[in-house]
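K.L.:
Please build the complex by placing chain L on the supplied structure of chain U, with the hints as guidance.
Chains U and L are the protein sequences, given in the same order. Note that the numbering used here gives residue 281 to position 281 of the first sequence, counting from 1, and the numbers run on in steps of one. Plus 529 on top of the position in the second sequence (first one is 1) and you've got the numbering used here.
If you're looking for bench data, these hints aren't it; they were derived computationally from the structure. Where hints are given, some of them may not hold.
To be verified - Chain L is faced by these chain U residues, among others (derived, beta-carbon under 10 angstroms):
| hint | residue |
| --- | --- |
| 1 | P68 |
| 2 | E69 |
| 3 | D107 |
| 4 | G366 |
As the list claims (entries may be wrong) - Computed from the model, here is a short list of chain L residues facing chain U with C-beta under 7 angstroms:
| hint | residue |
| --- | --- |
| 5 | M562 |
| 6 | A611 |
| 7 | A645 |
| 8 | A731 |
As the list claims (entries may be wrong) - Derived DSS-like pairs: lysine-lysine, alpha-carbon spacing no greater than 25 angstroms straight-line:
| hint | chain 1 | residue 1 | chain 2 | residue 2 |
| --- | --- | --- | --- | --- |
| 9 | L | K829 | L | K901 |
| 10 | U | K495 | L | K901 |
| 11 | L | K788 | L | K901 |
| 12 | L | K689 | L | K601 |
| 13 | L | K850 | L | K829 |
| 14 | L | K908 | L | K805 |
| 15 | U | K425 | L | K601 |
| 16 | L | K692 | U | K425 |
| 17 | L | K604 | U | K494 |
| 18 | U | K18 | U | K488 |
| 19 | L | K604 | U | K425 |
| 20 | L | K805 | L | K901 |
| 21 | L | K850 | L | K901 |
| 22 | L | K765 | L | K829 |
| 23 | L | K765 | L | K692 |
Given the structure is predicted, the values throughout are model-derived calculations rather than measurements. Using N, Cα and C, we set each Cβ at its ideal position, and we do this for glycine too.
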Amino acid sequence: MSTVVETRDHDGHHGPAKGFTRWLFTTNHKDIGTLYLWMSFIMLFVGGAMAMVIRAELFQPGLQIVQPEFFNQMTTNHGLIMVFGVIMPAFVGFANWMIPMQIGAPDMALPRLNNLSFWLLPMAFGILVSTLFMPEGGPNFGWTFYAPLSTTYAPSTVNFFIFSVHVMGISSILGSINIITTILNMRAPGMTLMKMPLFVWGWLITAYLLIAVMPVLAGVVTMMLMDINFGTSFFNAAGGGDPVLFQHVFWFFGHPEVYIMILPAFGIVSHIIETFSRKPIFGYSSMVYAMASIAILSFVVWAHHMFTVGMPLAGELFFMYATMLIAIPTGVKVFNWVATMFRGSLTFETPMLFSIGFVTLFTIGGFSGLMLAIVPADFQYHDTYFVVAHFHYVLVPGSLFALMAGAYFWLPKWTGNMYDETLGKLHFWLTFISVNITFFPMHFVGLAGMPRRYPDYALQFADFNAMISVGAFMFGITQLLFLFIVIKTIRGGKKATPEVWEGAGDLGLEWTLSSPPPHHSFTVQPQVK
Amino acid sequence: MSYIKKLITKLVLATSSALSFAIYSAENSDYNMPVGVTEVSQSIFGLHMLIFWVCVVIGVIVFSIMFWSMWKYRKSKGAVAADFDDNFWLEIGWTVAATAVLIWMAVPSTQVMVKAYDDAEGEINILVTGHQWKWHYEYMEDGVSFFSNLSTSQEQIDNKIPKGEFYLLEVDEPLVIPINTRVRFLITGNDVIHSWWVPDFAVKMDAVPGFINTAWTNVPETGIYRGACTELCGIKHAFMPVVVRAVEMEEYDAFIAEKTVLAESERMLTSKEWTKEELMERGESFYATNCVACHQANGKGIPPVFPALEGSEVALNDSAKHIEILMEGIQGSAMQAFGDSYSEVDIASVITYTRQAWSNGKNGDGVIVTPKDIVEYKKRINL
Chain U
1 MSTVVETRDH
11 DGHHGPAKGF
21 TRWLFTTNHK
31 DIGTLYLWMS
41 FIMLFVGGAM
51 AMVIRAELFQ
61 PGLQIVQPEF
71 FNQMTTNHGL
81 IMVFGVIMPA
91 FVGFANWMIP
101 MQIGAPDMAL
111 PRLNNLSFWL
121 LPMAFGILVS
131 TLFMPEGGPN
141 FGWTFYAPLS
151 TTYAPSTVNF
161 FIFSVHVMGI
171 SSILGSINII
181 TTILNMRAPG
191 MTLMKMPLFV
201 WGWLITAYLL
211 IAVMPVLAGV
221 VTMMLMDINF
231 GTSFFNAAGG
241 GDPVLFQHVF
251 WFFGHPEVYI
261 MILPAFGIVS
271 HIIETFSRKP
281 IFGYSSMVYA
291 MASIAILSFV
301 VWAHHMFTVG
311 MPLAGELFFM
321 YATMLIAIPT
331 GVKVFNWVAT
341 MFRGSLTFET
351 PMLFSIGFVT
361 LFTIGGFSGL
371 MLAIVPADFQ
381 YHDTYFVVAH
391 FHYVLVPGSL
401 FALMAGAYFW
411 LPKWTGNMYD
421 ETLGKLHFWL
431 TFISVNITFF
441 PMHFVGLAGM
451 PRRYPDYALQ
461 FADFNAMISV
471 GAFMFGITQL
481 LFLFIVIKTI
491 RGGKKATPEV
501 WEGAGDLGLE
511 WTLSSPPPHH
521 SFTVQPQVK
Chain L
530 MSYIKKLITK
540 LVLATSSALS
550 FAIYSAENSD
560 YNMPVGVTEV
570 SQSIFGLHML
580 IFWVCVVIGV
590 IVFSIMFWSM
600 WKYRKSKGAV
610 AADFDDNFWL
620 EIGWTVAATA
630 VLIWMAVPST
640 QVMVKAYDDA
650 EGEINILVTG
660 HQWKWHYEYM
670 EDGVSFFSNL
680 STSQEQIDNK
690 IPKGEFYLLE
700 VDEPLVIPIN
710 TRVRFLITGN
720 DVIHSWWVPD
730 FAVKMDAVPG
740 FINTAWTNVP
750 ETGIYRGACT
760 ELCGIKHAFM
770 PVVVRAVEME
780 EYDAFIAEKT
790 VLAESERMLT
800 SKEWTKEELM
810 ERGESFYATN
820 CVACHQANGK
830 GIPPVFPALE
840 GSEVALNDSA
850 KHIEILMEGI
860 QGSAMQAFGD
870 SYSEVDIASV
880 ITYTRQAWSN
890 GKNGDGVIVT
900 PKDIVEYKKR
910 INL
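Isolated chain U, as found in the complex (with noise of 0.2 angstroms):
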């Protein structure tokens, strides 16, 4: 993609308010991307302490730590904090840092929705945080909560889970509507769809996911909250509801929601595979067929999440061929990004180390995939640490791996300073073998029979077990050190280019932008040939 850009220099007065305003009013699509990627991180920290809680409380059979009515407040709010605080916000930061650089436009179309998308975010978190310091304990019945224990049985701080999903899908909504506004309206010109950057192909899709499966999720706890406080039997049986009518609804949101946390990583990990290939991505057409197809085939499989419900045989077979259809598309794209590496002239950066890490780990994550795809065997898996290994395997080194990548891809660009690339390679090294420390005795203990979101554990997983835990705590403990990075290259650093990577100038619009990029990112469109 070659382009012409023209330069030109920015009034003093033009550039962002000073103080604390600047962030509470700003309507700039870099100080809101900024403020989402770090309220992701302190995120990510408040639900990797959960995790620690948790893996302390395992190290050892029995009861040591804390009880069980508080392991599954743990439990329940790690998982919803990792899915609705940490992946998806910090995808929607890059997002609004990279969509405008990347297709070659000012700022995102409706500034003020999105400082609202954003500051709505901090209040369903407060909300959500605050019942755990409530006499009667937080959320206690899994991220997927499931009713009727999440609503006959539900501790009364349930009416202020259900208000934080609300806020949440509120913010979720009005953020999709905005990107995908700035996608079909504010292109440079010559930039068709077909030419558009894998990345802002992975976040228009995702955002179409979101406002088709976000209203879902709202609608599931409305149920919730009319049974728990009106007196309607959606999901109690006794009132003549339906137990199982609950995970067909919440399904039918959670697995697109899956792909939600997944697609935008596909867009950036293909962004540094060709960059430090130095060759184009292999088969661009393919790699956004395929990113539509799974968007669309997420709609079909939900059912694999209940394969032993009692689900009809017709069904249980629906959805297991359906799901194994995924396969197709996903393999594809791991076989491009192979095929973009082999005869490219390759570099080892942070950035792509990250990205190999991601290639290998997430396929090892969609091969567990592929097995719990199997109705019969899923009997066995269902439910286990197996399940567990399987969308840790997805989340934190597909994921979390991809979200790291694009930081230290794009910090040069977004800071114009570069990081500490010894750091960095210390980061990820230590990220990788703690990641595998942790996750793959998961398959093991799965396997042997341990089921998951228990508290205490049969003597046979306690070997496994405590060196999970040892894992998890070098986990978390390495990520100090990331952020550690991050703050010492907005300090300082080494001067990054505008190209900041060896021919990346060619590979994307962003590039041929200062480093730092100016306030209104594009003021004269570039053109695309």
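P.N.:
Relative to the frame of chain U, chain L by itself:
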């Protein structure tokens, strides 16, 4: 240099032999899916290993090409990037290949699934009901029924005494089934969703309130098979294991006969005249099994979720309300209705016990509730 080469060769050899050993032992170890004892569980194990090896082969091929490319085309060795970015036939080729592998895997999966999912009548049919936090078993043909509670002591869980061999995998009364007989399980839930899992039978089925799911097994070998609840069901989710004892048909018949006699004598107990001491003794053991999880051994509960019984107005001065709560439960709370599941003697004795235990005996009205009071209550409700 040659030293380094030798070292590398040795390392590669050591790693690959360690890896193949690891794979061999994984397949036969406690850290793989159990092969199980039934025909279905063994077919599922076969399916699991087949898929596993398919994944390994694909993984080895893809990762070898990737790591070889990373090695061969590194810039530090002077690699210059080629300039291709697609190849139509290659892309069609690997899409078709992936599809073919999936279809090839779908065939045996479907066959095993059809076999596993057969809801025809069993020679013996057992109603399995998940309760917070115990299993209830009812033999449909014989009318025999009982609860199966965790028998691991709280001291073991709290690390006060050493843990036994079957820590958290032992119950007071296991389910007993005969071998070489088709047994069908009808599975349902009483309060929240539970899930009944016995890995050696490859039976895992959710116990959903308002639904009756079916599963079946035919066990060829006698033995004790241990499993667990696998759907989050509240604070004691990890403490309601499943234990099944598979026995010869004669032993099974004897078991049913003994249970039938026992049930008859339980019914007789209702009309017996009970002393306070007898009720207290029986009530204390009932309380220890069924109530301590929430209301705690000292009767202080875990407020505000699980209220204290010591000093509660109902337990002190309102025996009528006390009976009603035990029989009907409290709507919208974790307090379940015990009336349908337990005998009049059990209910009367635990009420008497909680009215006398701790400081309640000296602070309250001291009313003794007898099995006859419970019978009276039932008559009144039915009118």
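K.L.:
Each hint needs a verdict: does it hold in this structure or not?
P.N.:
Taking the hints in turn, this is what the structure says about them:
The beta carbon of U:P68 comes within 4 angstroms of a beta carbon in chain L, closer than 10 angstroms, and the hint placing it at the interface holds. Here the hint on U:E69 is kept, as its CB sits about 5 angstroms from the closest CB of chain L, short of 10 angstroms. At its closest, the beta carbon of U:D107 sits 31 angstroms from a beta carbon of chain L; the interface hint therefore is violated under the 10 angstroms criterion. The closest approach between the C-beta of U:G366 and any C-beta of chain L is roughly 9 angstroms, which is under the 10 angstroms cut-off, so the hint is satisfied.
The interface hint given for L:M562 holds, since its Cβ lies 5 angstroms from the closest Cβ of chain U, which is under the 7 angstroms cut-off. Interface hint status for L:A611: upheld, as the beta-carbon distance to the closest one in chain U is roughly 4 angstroms, under 7 angstroms. Evaluation of the L:A645 hint against chain U yields a held restraint, the C-beta minimum of about 5 angstroms falling below 7 angstroms. Hint status for L:A731: holds, given a least beta-carbon distance of 6 angstroms to chain U, under 7 angstroms.
Of the pairs offered as hints, the one joining L:K829 and L:K901 is violated, with about 29 angstroms between alpha carbons and a cut-off of 25 angstroms exceeded. At most 25 angstroms may separate the alpha-carbon atoms for a hinted pair to count; U:K495 and L:K901 exceed this at roughly 88 angstroms. The straight-line distance between the Cα atoms of L:K788 and L:K901 is roughly 24 angstroms, inside the 25 angstroms bound, and the hint therefore holds. The suggested pairing of L:K689 with L:K601 is violated, with an alpha-carbon distance near 59 angstroms, which exceeds 25 angstroms.
Distance hint between L:K850 and L:K829 is fulfilled; the C-alpha atoms sit about 19 angstroms from each other, no more than 25 angstroms. About 24 angstroms separates the Cα atoms of L:K908 and L:K805, which keeps this hinted pair within 25 angstroms; it holds. Distance restraint check for U:K425 and L:K601: the Cα-Cα separation of roughly 21 angstroms lies within the 25 angstroms cut-off, and the hinted pair is therefore satisfied. Restraint check: the Cα-Cα separation between L:K692 and U:K425 comes to about 44 angstroms, which exceeds 25 angstroms; the hinted pair is violated.
At roughly 23 angstroms between alpha-carbon atoms, L:K604 and U:K494 fall within 25 angstroms of each other, so this suggested pair holds. About 22 angstroms separates the Cα atoms of U:K18 and U:K488, which keeps this hinted pair within 25 angstroms; it holds. The suggested pairing of L:K604 with U:K425 holds, with an alpha-carbon distance near 18 angstroms, which does not exceed 25 angstroms. Straight-line distance between C-alpha atoms of L:K805 and L:K901 comes to about 14 angstroms, which keeps the hinted pair within the 25 angstroms bound.
In summary, the hint linking L:K850 to L:K901 is supported, as the alpha carbons are separated by about 16 angstroms, within the 25 angstroms threshold. For the hint pairing L:K765 with L:K829, the CA-to-CA distance comes to about 18 angstroms; that is within 25 angstroms, so the pair holds. Of the pairs offered as hints, the one joining L:K765 and L:K692 holds, with about 18 angstroms between alpha carbons and a cut-off of 25 angstroms not exceeded.
Hint violations for this structure: numbers 3, 9, 10, 12, 16, all remaining hints satisfied.
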